[in-house]
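Visitor: With the hints as your guide, set chain B onto chain A.
2 protein chains.
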Amino acid sequence: MTETPIGLRPKPRAAIERMAPYHPPTSGRVGAMRLDFNENTVGCSPKALERLKQALTGELLATYPEYEAVREKAAAFFGVGADQMTFCDGTDEGIHILIQTYVEAGDEVVMTWPAYPMLRFYAQVAGAEPVLVPYCEPDLAFPLDELLAAIGPKTRAVLVANPNNPTGGAIGLADIERILEKAAGAAVLIDEAYFEFYGVTALDLLPRYPNLFVSRTFSKTYGLAGLRVGCLFSQAENMALVRKGQSPYSVNVLAAACVTAAIEDQEYVRGYVREVLEAREELLAALRRLDIPYWPTEANFVLVHLGDKASRVVEGLAARGIRVRDRGKERVGAVRFTVGTREQTAQLIAAVEELL
Amino acid sequence: MTETPIGLRPKPRAAIERMAPYHPPTSGRVGAMRLDFNENTVGCSPKALERLKQALTGELLATYPEYEAVREKAAAFFGVGADQMTFCDGTDEGIHILIQTYVEAGDEVVMTWPAYPMLRFYAQVAGAEPVLVPYCEPDLAFPLDELLAAIGPKTRAVLVANPNNPTGGAIGLADIERILEKAAGAAVLIDEAYFEFYGVTALDLLPRYPNLFVSRTFSKTYGLAGLRVGCLFSQAENMALVRKGQSPYSVNVLAAACVTAAIEDQEYVRGYVREVLEAREELLAALRRLDIPYWPTEANFVLVHLGDKASRVVEGLAARGIRVRDRGKERVGAVRFTVGTREQTAQLIAAVEELL
Numbered sequence: 042m043t044e045t046p047i048g049l050r051p052k053p054r055a056a057i058e059r060m061a062p063y064h065p066p067t068s069g070r071v072g073a074m075r076l077d078f079n080e081n082t083v084g085c086s087p088k089a090l091e092r093l094k095q096a097l098t099g100e101l102l103a104t105y106p107e108y109e110a111v112r113e114k115a116a117a118f119f120g121v122g123a124d125q126m127t128f129c130d131g132t133d134e135g136i137h138i139l140i141q142t143y144v145e146a147g148d149e150v151v152m153t154w155p156a157y158p159m160l161r162f163y164a165q166v167a168g169a170e171p172v173l174v175p176y177c178e179p180d181l182a183f184p185l186d187e188l189l190a191a192i193g194p195k196t197r198a199v200l201v202a203n204p205n206n207p208t209g210g211a212i213g214l215a216d217i218e219r220i221l222e223k224a225a226g227a228a229v230l231i232d233e234a235y236f237e238f239y240g241v242t243a244l245d246l247l248p249r250y251p252n253l254f255v256s257r258t259f260s261k262t263y264g265l266a267g268l269r270v271g272c273l274f275s276q277a278e279n280m281a282l283v284r285k286g287q288s289p290y291s292v293n294v295l296a297a298a299c300v301t302a303a304i305e306d307q308e309y310v311r312g313y314v315r316e317v318l319e320a321r322e323e324l325l326a327a328l329r330r331l332d333i334p335y336w337p338t339e340a341n342f343v344l345v346h347l348g349d350k351a352s353r354v355v356e357g358l359a360a361r362g363i364r365v366r367d368r369g370k371e372r373v374g375a376v377r378f379t380v381g382t383r384e385q386t387a388q389l390i391a392a393v394e395e396l397l
Numbered sequence: 042m043t044e045t046p047i048g049l050r051p052k053p054r055a056a057i058e059r060m061a062p063y064h065p066p067t068s069g070r071v072g073a074m075r076l077d078f079n080e081n082t083v084g085c086s087p088k089a090l091e092r093l094k095q096a097l098t099g100e101l102l103a104t105y106p107e108y109e110a111v112r113e114k115a116a117a118f119f120g121v122g123a124d125q126m127t128f129c130d131g132t133d134e135g136i137h138i139l140i141q142t143y144v145e146a147g148d149e150v151v152m153t154w155p156a157y158p159m160l161r162f163y164a165q166v167a168g169a170e171p172v173l174v175p176y177c178e179p180d181l182a183f184p185l186d187e188l189l190a191a192i193g194p195k196t197r198a199v200l201v202a203n204p205n206n207p208t209g210g211a212i213g214l215a216d217i218e219r220i221l222e223k224a225a226g227a228a229v230l231i232d233e234a235y236f237e238f239y240g241v242t243a244l245d246l247l248p249r250y251p252n253l254f255v256s257r258t259f260s261k262t263y264g265l266a267g268l269r270v271g272c273l274f275s276q277a278e279n280m281a282l283v284r285k286g287q288s289p290y291s292v293n294v295l296a297a298a299c300v301t302a303a304i305e306d307q308e309y310v311r312g313y314v315r316e317v318l319e320a321r322e323e324l325l326a327a328l329r330r331l332d333i334p335y336w337p338t339e340a341n342f343v344l345v346h347l348g349d350k351a352s353r354v355v356e357g358l359a360a361r362g363i364r365v366r367d368r369g370k371e372r373v374g375a376v377r378f379t380v381g382t383r384e385q386t387a388q389l390i391a392a393v394e395e396l397l
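Listed in order, the protein sequences are those of chains A and B.
For what it's worth, the working numbering labels the leading residue of the first sequence as 42, then goes sequentially.
For what it's worth, the working numbering labels the leading residue of the second sequence as 42, then goes sequentially.
So here's chain A without its partners, still in its complex pose (with noise of 0.2 Å):
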């Protein structure tokens, strides 16, 4: 008679068994120059700050979230009407939502590689087969050919973060057309983390194509990585469905709290991107300088090629409070720089130099 343990273990979904774990390294980041996640480096907007200190009261804590005034002014700012869009736990939540409601096990979900972790992620979550297209050697090109020919009957997803991480490069609208009509009857996420360092959006399309979703965060530019908050849009009929299979309150009360204040502070939103595209110009040029080859970018980080001394300067670095990452699994020799105020990249710079 064994006394434990008692029943049988349950057996997990084949889909789940077959994926692998995905643990980025984020502990001990606090206090270090944070270089390694393309987050905003400096902070919030301070009016977002001062909005969530006067809104938190340990009533507001303890009230489930409410969206609907917050979402109302939210989508004023996108451009979009209410119905059109879901604030989301993140662009996790986002991905994870709009891959639940259109992909079954055994669907294509296609996208380009490497790219956000996270759009693999769920799509193996999901049980689907991704189809990863990779960019173009050597220049790591957008391959929107290889792309439209990975489309075929059973795509019921394509995904494309635009500006790509951690590549950096970018698509017009003229190409992202060209995806949506080639995937006609499939979702087609534009995910655009990005967006405000690059200046294009496929919002716009969306009045157009029935299948399209496009996904913003508050994470990079807007400072709220923290607070987990981002917004999955497309056309009404689409975002009820998606919703149908969304907790009714994922994002939490003090992001719902702050984040149209952040929206309304552009006067800072455009002042941090000015101070990361002026500091990104500084940035390459010393690479240059340097003969560091480097993948060009529409976004707050750089993606450069240090060969067999990746790891001495990732290290070099870290020894030196500054963080950044290493994407040598994704492609041997590559580290991904981001970019953040001009000080924090002269300091950057300076200790590179010194590493190498």
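Worth flagging that the hints you see were computed from the coordinates, not collected in a lab.
Everything numeric in this text was worked out from a predicted model, so none of it was measured.
Treat each hint with caution, since some may be false.
The list treats identical chains as interchangeable, and a pair is accepted whether it falls inside one copy or across any two copies.
Claimed, not checked - Lysine to aspartate or glutamate pairs mimicking EDC-like chemistry, simulated, CA-CA at most 16 Å apart:
| no. | residue 1 | residue 2 |
| --- | --- | --- |
| 1 | 195 | 394 |
| 2 | 88 | 100 |
| 3 | 52 | 278 |
| 4 | 94 | 113 |
| 5 | 88 | 113 |
| 6 | 52 | 145 |
| 7 | 94 | 149 |
| 8 | 52 | 149 |
Guide: Chain B alone, transformed into the frame defined by chain A:
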């Protein structure tokens, strides 16, 4: 030639198409006496609020959350290993990731009914067959024999809230063990959202049963419903699988910053529970005096039978700034009163008396 729309609208999964939208009534609750969602009615521990305020900086908001240290502390409090739990974006996310780990489309998910709506919701999202076992009439006793009989070879999950909402009743560990044994090889979730008012926990069974999952929330007793944080527990081998499909950042940084302060302030928790249990006695005495039938409860709410007076009472209370929850959809004439403080309960009783 058509100009708009271009392309075809994507077709949702059949599971999403056939489920009904769930939109709990959640607007305009701020400022009202919230006796409708079983939240803490006064606010969280002042120490948790203080901890949150101290942690609150633009730098923290801009940074992706880190959970390691917090999870260690919480696990020690709950008497489990850090690898036996995960924080969730409310219990909703816990249910979601549990079901997506174990349940395929077409599988059976067995639960008592009526229950917390999100239990059926995520079974439906998965495309599973929810097998609803009704509570016994007329006393809404737990249908143990019927539940055991409903567990069959296609059962992949069994979901039981203990105490249950909205009925209020609870079961003991012996009954839970019978369920765990009958459902060997299926995931059994015991949702303990109202644990603090009841005091019996299945966490003690965790080492013995490899098919046991337990969920807890900080939304009810702890007064942090707005922050969206709960926990899911199971043996480490199971949690590693469940976490494979969980976003690495689903819980926001402010919840992570103050949840251990909330846990550490057990004096606050005990005081709030004591107050609610006293208020509940007073409410039950008043219901008997007023000849209003009610069902036995082990939680911070009471399901009462108001029959054809239900909507008059619900609306009359709303007009007096007191929100309660009409459960007529689950049971004709039933209304659920959350139990708050003695003072709030006295106001509720006076208003109900006036309306009858």
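Visitor: Hint by hint, note whether the structure agrees.
Guide: Hint check:
no. : hint      : result
1   : 195 x 394 : neither (49 Å within a copy, 62 Å between copies)
2   : 88 x 100  : between (22 Å within a copy, 14 Å between copies)
3   : 52 x 278  : between (36 Å within a copy, 11 Å between copies)
4   : 94 x 113  : neither (22 Å within a copy, 28 Å between copies)
5   : 88 x 113  : neither (20 Å within a copy, 34 Å between copies)
6   : 52 x 145  : between (20 Å within a copy, 11 Å between copies)
7   : 94 x 149  : neither (45 Å within a copy, 46 Å between copies)
8   : 52 x 149  : between (24 Å within a copy, 14 Å between copies)
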